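2 protein chains.
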Amino acid sequence: MNAPTTDAPAAYRRATVIGGGVIGISWAALFLAHGLEVTANDPRPDAEQQVLAGLAEITPTLSELGLPTEDFASRLRFEADLAAAVADADVVQENGPERLEVKQRIWRAVEHAAPAHALLATSTSGIPASAIAEAMEQPERLVVGHPFNPPHLVPLVEIVPGAKTSARTLLQARDFYASLGKKPQILRKEIPGFVANRLQSALFRECVHLVAEGVVTEAELDEIVTDSIGLRWAVAGPFRTFHLGGGPGGLPHFIQHLGSAMEATWPGLGNPTFDEPTVAVLTEQAQEAFGDETVGELAAGRDRAQIALMRALGKTPDTAPDIAAVHA
Amino acid sequence: MNAPTTDAPAAYRRATVIGGGVIGISWAALFLAHGLEVTANDPRPDAEQQVLAGLAEITPTLSELGLPTEDFASRLRFEADLAAAVADADVVQENGPERLEVKQRIWRAVEHAAPAHALLATSTSGIPASAIAEAMEQPERLVVGHPFNPPHLVPLVEIVPGAKTSARTLLQARDFYASLGKKPQILRKEIPGFVANRLQSALFRECVHLVAEGVVTEAELDEIVTDSIGLRWAVAGPFRTFHLGGGPGGLPHFIQHLGSAMEATWPGLGNPTFDEPTVAVLTEQAQEAFGDETVGELAAGRDRAQIALMRALGKTPDTAPDIAAVHA
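Protein sequences, first through last, are from chains H and D.
Residue numbers for the first sequence follow the working numbering, beginning at 2 and rising by one.
Residue numbers for the second sequence follow the working numbering, beginning at 2 and rising by one.
Bear in mind the hints are in silico, worked out from the structure with no lab data behind them.
On a predicted model such as this, the values are computed, not experimentally measured, just so you know.
Among these hints, one or two may not hold up.
Said to hold, decoys possible - As a list, the in silico EDC-like pairs of lysine to aspartate or glutamate whose alpha-carbon atoms are at most 16 Å apart:
hint : chain 1 : residue 1 : chain 2 : residue 2
1    : D       : K316      : D       : D89
2    : D       : K316      : H       : E214
3    : D       : K165      : D       : E135
4    : H       : K316      : D       : E224
5    : D       : K190      : H       : E214
6    : D       : K184      : H       : E224
7    : H       : K184      : D       : E135
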């Protein structure tokens with residue numbers, strides 16, 4: 002593939018990752034595997050040790066995905082001083098604590114210390130960019146780049162504008178995440194929880210209801226999902242699924258003929274709370290369903306299956322269409 | 002694998018499929034591909050032609066799944082008289098219209114005409130077995146065997162008892178569907194919509210909200226799902242997913258630390274209706290997103306991806322563990 006590459010990937014050679022927790026480590030691993038120089042910033046004294054341990058844990062998964070990992074930690078450095086850490090960054094990905102005042106303090110410092118061309122993104126899942134940017138002099142530069150955990154494995158990155166985020170920043174963010182093989186989506190409006198977590202939360206509410214009501218156990222419900230709607234939604238989203246369920250007339254026919262029947266079922270869906278009896282049932286069943294293995298063992302098994310599935314669908318970095326070639 | 006087989010599969014040699022619509026045809030195809038003799042019953046004059054055309058359409062998918070289809074239609078016969086159609090059946094799978102009085106009429110006739118050992122199952126997605134069985138003298142024999150469409154491709158079958166369904170009938174149904182390579186789940190309680198459709202409906206409600214609010218388009222939302230939660234739920238259900246999201250403490254830790262935050266988001270989820278402006282937006286976006294191909298073409302593409310995914314996960318009939326060997 003001798004296609005010329007676009008400028009965009011070349012523009013991001015140095016990334017600074019703020020926060021050395023689970024998400025920060027995963028971003029750092031992904032950046033390194035795509036050839037970037039990475040500076041990690043975290044005030045905790047054991048940050049370096051934590052990040053290196055986390056990287057080592059992730060490396061086999063990156064290799065399975067077909068990404069180069071040999072010696073990739075040699076491009077990682079640690080810088081405990083925030084201003085120094087971002088001084089030559091092309092992109093800053095912040096994964097600090099989910100507290101508004103902490104994020105505002107970080108970004109007030111970063112916007113002045115980072116180069117004017119740098120992309121400024123926060124991984125927050127819960128704090129609107131608008132709120133963080135109220136503390137900034139250049140609010141147009143901040144954008145939410147929210148990964149679906151873990152970012153080194155799941156393709157989605159939700160790009161969410163704040164009230165003052167510029168179009169340029171949004172497109173910059175989209176190009177950057179796409180250059181890492183991610184599947185970025187720019188949301189058209191700021192909304193609490195963004196899209197993926199809202200959908201997850203809507204489904205989980207009904208899951209909790211069905212288990213609390215004794216219709217199914219957690220293990221049974223999980224099997225129902227992986228044997229039906231989960232399989233479907235891995236290859237076709239909810240709208241496409243109902244479009245195909247509508248016969249030759251597609252989704253319009255489906256809504257015309259079944260929409261009011263579906264709407265009539267909505268008030269009957271569950272409205273559970275995490276009260277004591279519900280939490281007791283959920284806890285007991287989690288022990289029964291998952292207690293025989295550690296979370297680490299279970300997660301490793303899940304990730305292996307995830308990669309096999311992505312490979313079958315052409316969604317791993319080594320099976321996905323070459324992005325530079327596609328854009329050429 | 003020279004493991005002895007159980008009695009159960011051998012007990013189901015003759016199946017009667019009532020109703021020659023999409024679901025009936027799919028069941029008939031699956032039964033034939035697993036070696037059963039199938040009698041199709043449908044009062045419509047063009048039923049035979051419809052069923053044979055439907056079978057021909059499904060055959061390539063069955064072959065892709067690794068099932069034997071050569072000459073399999075030679076084991077199919079048509080019988081327009083209901084009593085005669087079920088007279089020597091080992092299992093009756095009913096796929097009539099979703100109207101209570103029609104189903105009651107069918108089952109009142111079938112329970113007397115079918116052999117005493119026959120498994121009696123209705124594919125209904127919306128009518129409780131309890132309601133249908135009120136018209137029967139042997140209500141303990143009727144059970145819901147609800148497939149996730151289409152039954153020849155998607156593994157799940159929800160087995161839902163009515164108030165008077167016997168335990169024997171439930172286990173019989175489970176053994177029968179398992180012998181076809183399906184993944185049956187016995188629900189512990191009758192509930193409107195059963196489990197999979199309730200979950201689908203809960204998620205879709207939020208999908209409609211997000212599109213109606215202009216946060217994303219249908220096409221964007223579909224991509225968000227297939228690039229995140231869909232990929233996850235194909236390999237790990239919602240409880241396992243949050244168990245793995247809870248760190249070493251698993252789901253109990255997750256609920257303890259994030260449960261109340263999640264509960265607080267539920268009242269903010271959408272409560273849309275299919276009013277005129279919403280239907281207009283959904284219709285227009287469906288045309289934009291899916292209008293370039295026929296539903297048939299799109300469905301064929303989806304099913305190919307579905308099979309590739311199932312193969313990668315060891316869920317096609319030719320990659321799944323041999324059921325007889327597992328039970329031996």
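Status of the hints after comparison with the structure:
1. Restraint check: the Cα-Cα separation between D:K316 and D:D89 comes to about 32 Å, which exceeds 16 Å; the hinted pair is violated.
2. Taking the CA atoms of D:K316 and H:E214, the gap is near 30 Å; set against the 16 Å cutoff, the hint is violated.
3. For the hint linking D:K165 to D:E135, the alpha-carbon distance of about 9 Å falls within 16 Å, and the restraint holds.
4. The hinted pair formed by H:K316 and D:E224 meets the criterion: a straight-line CA distance of about 13 Å does not exceed 16 Å.
5. For the proposed pair D:K190 and H:E214, the alpha carbon gap of about 9 Å is at most 16 Å, so the pair holds.
6. Between the alpha carbons of D:K184 and H:E224 the distance comes to roughly 8 Å, so the proposed pair stays at or under 16 Å and holds.
7. Note on H:K184 and D:E135: the hinted pairing is violated, with a Cα-Cα distance of about 53 Å set against a maximum of 16 Å.
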